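Protein chains in written order, with my numbering: chain A, 7 to 319; chain B, 8 to 312; chain C, 11 to 526; chain D, 62 to 398.
Relax, there's no trap hidden among the hints.
In silico DSS-like cross-links for lysine-lysine, where the CA-CA straight-line distance does not exceed 30 Å:
#1 LYS200/D x LYS227/B
#2 LYS365/C x LYS82/A
#3 LYS356/C x LYS82/A
#4 LYS82/A x LYS399/C
These are calculated hints, taken from the structure and not from any lab test.
Computed from a prediction, not measured in an experiment: that's the story for all the values here.
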Amino acid sequence: MTDATKSPSVPQGGSILSSGLDDVLEPSPGSLMRKRVFGHTGLVIGGGVLLIIFLMAVLAPVISPGDPYDQDLSRKLIPPIWHDSDKVTWDHPLGTDLLGRDYMTRLFYGARISLLIGFAAMLISGVIGTTLGVLAGYFGGKVDMVVNFIITTRLSMPVVLVALAVVSLVGSSLTVVIWVLGLLIWDRFAVVMRSATQQVRGLDFVAAAQSLGCSTRRIILSEIMPNIANHLIVIATIEMAHAILLEAALSFLGLGVQPPDPSWGLMIAEAKGMIFFDAWTITIPGIALFALVLSINLLGDGMRDVTAPENRN
Amino acid sequence: MIQFALKRLGVAVLVALTVSILSFSMIYLSGDPAIALAGEGASEEDIENVRRVYGFERPIIVQYGDWLLRALQGNLGHSNYLKADVASVVFERLPTTMILGASALIFALVLSIPLGVLAAIRPNSMIDRFALTVAMIGQAMPSFWFALTLILWFGINWRLLPISGTASWQNFVMPSIALGYYVTPAVMRLTRAGMLEVLSSDYIRTARAKGLRPMTVLFKHALRNAIIPVVSLSAVQFGFMLGGSIVIETIFAINGLGFLVWESILRADLPMMQAIVLVLSIIYILLTFLADLLNGFLDPRIRVS
Amino acid sequence: MKTKLHWLATVAVTAGLAAGLTWGAPVEAGKADDTLNWSTNREIAVVDPYYNNTRELVIMGHMGWDGLVLRDLETGEIKPLLAKSWKWVGDTAIDFELRDDVVFHDGSAFDADDVVYTLNHVSNKDNAVLTLRNVSWIKNAEKLGSHSVRVNLHKPFPPAFAYLSNAVFILPSGHYDNAPILAEGKPDYGAVKPVGTGPYKVADVKAGEYVLMEKNDNYFADSAKGQPQIGKMRFRTITEMNTQIAELMTGGLDWIWDVPKEQAERMDGTPALTIENAKTFRISYMAFDVDGDSGTDVFTNKKVRQALSHAINRESIAKNLVGPASEVIHSACHPDQFGCTQDVTKYEYDPAKAKAMLAEAGYPDGFEFDIYAYRQREFTEAVIGDLAKIGVKAKLNFMQYRALRDIVRKGETPINHMTWGSYSIPDVSAVVSHFFTHGPEDPAKDPKTKELLDVADNSVEPDTRKLYYNQAFERIASEAYWLPMFTYAKYYAFSKDLNFKASSDEIPRFYTTKWN
Amino acid sequence: MSNKILEVQDLTIDIPTPSGTLHAVQKVSIHVDRGETLCIVGESGCGKSLTSLAIMDLLPKKAMRTATRLELAGESVFEIGERRMSDIRGNRMSMIFQEPMTSLNPAYTIGDQLTEALRRHRKVSRSEARDRAVFLLEKVGITAAASRLGQYPHQLSGGLRQRVMIAMALMCGPDLIIADEPTTALDVTIQAQILHLLAELQREFNMGLILITHDLGVVARIADRVAVMYAGQIVETGSAAQIFSAPAHPYTRGLLACIPIPGKTERGAHLGAIPGIVPSLVGKMSGCHFASRCPEVQQNCTSAPIPQFEALDPGRSVRCLQAENAAMRSAGQEGVA
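Just chain A, with the same shape it has in the complex (with noise of 0.2 Å):
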């Protein structure tokens, strides 16, 4: 058959459009793809308010009215200014805490300690996850199952559980929570990378690859990492933004980030107490925390997207 005749690319059983469609939209990738990226409304939120808070981390000794540690007992537990009360000031905005400390400054510190919690926990599970779960889904066999084994162990200990258990017993400090949170919820990295490499396993151009005898190393660095990075990137937020909040549930048992570094969910712990009474105090932290995990995961769905044109609804 010659050119004219033989159809280009006829998806396997794609969506009634495609049949028809989709060789006609071919797109010319970089400014379509620059297109999606700021089309994507999701995507431009959450990646806009991350920055923000981003930035609000960064420059927190710059912006900060005040030190995130300096209390003062005389001066505790002053509302934010918009509260109608006559100890509300503009040296404290947002107001104080329980031991007097400034709550705007110790908003925007606590921003570092929150996104490197996020951050570094996703970071370490992410390693741990993504080699056991390449490993299991390109060797396949006795590998797959030791890996299946350790992954169903570790799926049958409710994460919230041994992490209170550990934090508990071995006390908490921003390393170790880290560190627990980092070493346990890499489950998902290894079960969504598991899969992914199966399938990319089976392609032919790592068939070719392995023909061109290739090293096993060669071929999973650079051959099926790069296929199954946009998981990576969305497991990656997904579990930045869990690591997050479980940070938070820590707190709330007590045993958490330890004080006096303050990080969100400490400081939202902190003010439960006060829910009922003073609800600002709870609320201001909430919100935060709230508006960061909100922004990863529209970072996460976003990059979805644009990365993977299948999954545009």
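Using the hints, position chains B, C and D against chain A.
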């Protein structure tokens, strides 16, 4: 089929064993259980006495072996703290946990599956955005904050629901919502993604070409295929909710297994902790097994292979 | 699929209805139902005064059981309860004459056999009561007549009556004989159905969830405890303070305690609630690693310890965070305890002086160390904040009690910020002798202090004891082994319907409580 | 004409895209008679599948369909509402799709999927529907038909599945069957069998058949009439004989040159190719869509829309200025002679 079940059982036993070794050593590595048992402010004499009476002075390996041997004979031992037969306490609390977990799961499914389906039918519509918002809030709000907010409104301000305990079925409403809401985003997203994929599949086009009513297409042809991954996810989530609902159980004063195992860890109540960890891991594996069976029922391709 | 959804819905509705029918019984609450609902955060499974060492069981112990004697809360005077009279026989024996008109909840009459059985059972180490120190001073008990007994002591023990009135409750003879035998071959004493003579009897227990007690209508007439007033008392475990508060505000609970100051102050305006701040026997203290076991040797320097003592604004913490009933203390004891004195070296709040002393000690720029704590994190945070102002950076390690106590005992903490409740025993031996007689929690292991305490502990002469204790306190203060911080004050919150009075020993006497 | 099963006039499908409106199908007019086979040919993306989906009213939601006429057996079915339309679909006209492997629902048995359309459209009992299914399965050449009813799609081969799809399309005894490349995904040996079967059944039940394909070999074998589509337009229609013997449009000629037609192409003859790419259908179009690839392109080809030129032969039309000119010329010559 039987071979499959046996294999699953083997894995279950192995997992349970691993988990029990992990938890046993964790408790030992983290401090002296005699201190915990003797209570806050116990004297030297008390601690020594506890250590002697409970046999904590023996090597860890011996203690573990001792426990394992008795566990294998079906004797899960006696709680050091609650002074009761571990098995009977676990089985007394299991129903509470099950009711909470099941009602939370039902709430999550009842909320998330219809939302996910609607969102998939009309992508980017108002209903899709609404569903997305629901999911996002569920994802981004720490569960204790959400739970306390529920108490504030439904318990204190409106006095619609009892706040704590397990005295009546109304007591389970708020905890189920608080616990289930946390699962909602995952289920909803999975339903939506599954429906989107299935709705654009060729067999749905076939079904429509046959002139079937939209509802038949949606529920008979699409949902059944889209729901398969949701079943697996629900099983896993149900497993988590049984053991991982410490925060919710704490807030609503529900005496479930999650709360009990957490307290047991703090009290170094080894027999109790070991038994619950064991039960939880077995339940988890049973659940995934059930999910596989259900999926086999839903998807004949799985059934055959 | 559609049918499946219907099916699911049907099951859910049916289950709901069934549940509604079976659990429909409303929980009795409040004055209208003559039921006092009280709650703490602790799980209670064993309702037995010897095999459960929680404060909740001390409270319930006083409700369900009686001791031989009762200590008057106002005067501190020891009054007869199950014993009509007593007399010391030498330094190591006491003879008791018992009442003959008392019956146990199960209807059996109380006599000397019950006392002999109880005291001999609990003082036997092999029976492993949980708080051995409550009873270990008892050697044995002998029956002298149908209603008279002799209690023999190992050695002279001055606070004997403090323990007898607070912690030694009398059980019926043979009470533990039918205890179920555990797999290990040991009897499970905690599983025995509780029976006592007290003003309330245990009606129902759901392990870890609630304990229901009912008025004992046959309580003996002229008991020093008075007659029980309220029909039922239900204890419930609610771990989360917010939930306790929510239940209290909506009438699901009538009484809670340990309410944090801020919440208590804000609840004070609620018309249906009474808020009370009362003293407790618990003190807060910081122990320095005087002998340098922890690997940080800064605190071997007395100047540093004193500097830190000057740096912490204890007054501010006590007033702003603890409550109005809290007071700053200067010696290693509670002011209400026998033998306690505040007339020791004091370290007033003076950051400038602290900084100067620190410079003198060779740390003009401060230093860093780890501080360990387990209770009320905000108190320790405040300490850290104060230390930061003199350039000392303390890193908080907040742990569970069990884990922390373990490393405190191993001497691995540079500073531990702990609390001590003295088992509500109104005698300084319950605190200072515990910490400074070279036990594992002794921060200094100073021979001189131990010498002084040994003399005080083994004397029955009140003046001698006071004298030596005072010297010991002065030594601890001047050497700054400890920084005694403040006494705890507890916020109680309870229904306005309730006529309740808090006591400083942290044992609410619910049996005297009535409805208004 | 009562013999006309389907008549479509000026069918247009527009699809909004981020970069502008995609004019996927433009003023397509076709008709099918009872017992007649119409083949729509064209390369992928020319709009032939969309045309068939538009007739079935199965277009994706964002695609906008307009037409001046859309009649099934003389009755207008144009914009009669989803509910009424679903009464017609699968009943009076049915469709066979390209992908037998994925066009059956994996979760239900063959029997269930065969009978559900009949039970939806006719008041029949379960056993009657079953009997009909067995009858049709045998008709499409499936042995042990009764036992197949309990099987699931994954237990059948691709060829069998396509036979099941055909049986399914026949369940309600439709007037019209649209088969969208029904053999593309099948083995070559099976392709012939399926086509043969389709043709046979069409004759037996006297239905109209629209066969969409890009395989001219297939067309040559079973088509009564042919419509050639290019870039959203029908560029040429006519009887199979006319198209194959005297293709009037340069595109049709190009297509025919690309492919060996049994009995038409001489052994050893050179097979051609059409250079260039299909133009984008997004935005405003003018002139002949094929102009960019046409070997005979003239200046006036790109300036104005090209009308359908119908005067060539009865039942024949072509969308090409050059063909029109050629016809004029030959007509003129005849006149002179």
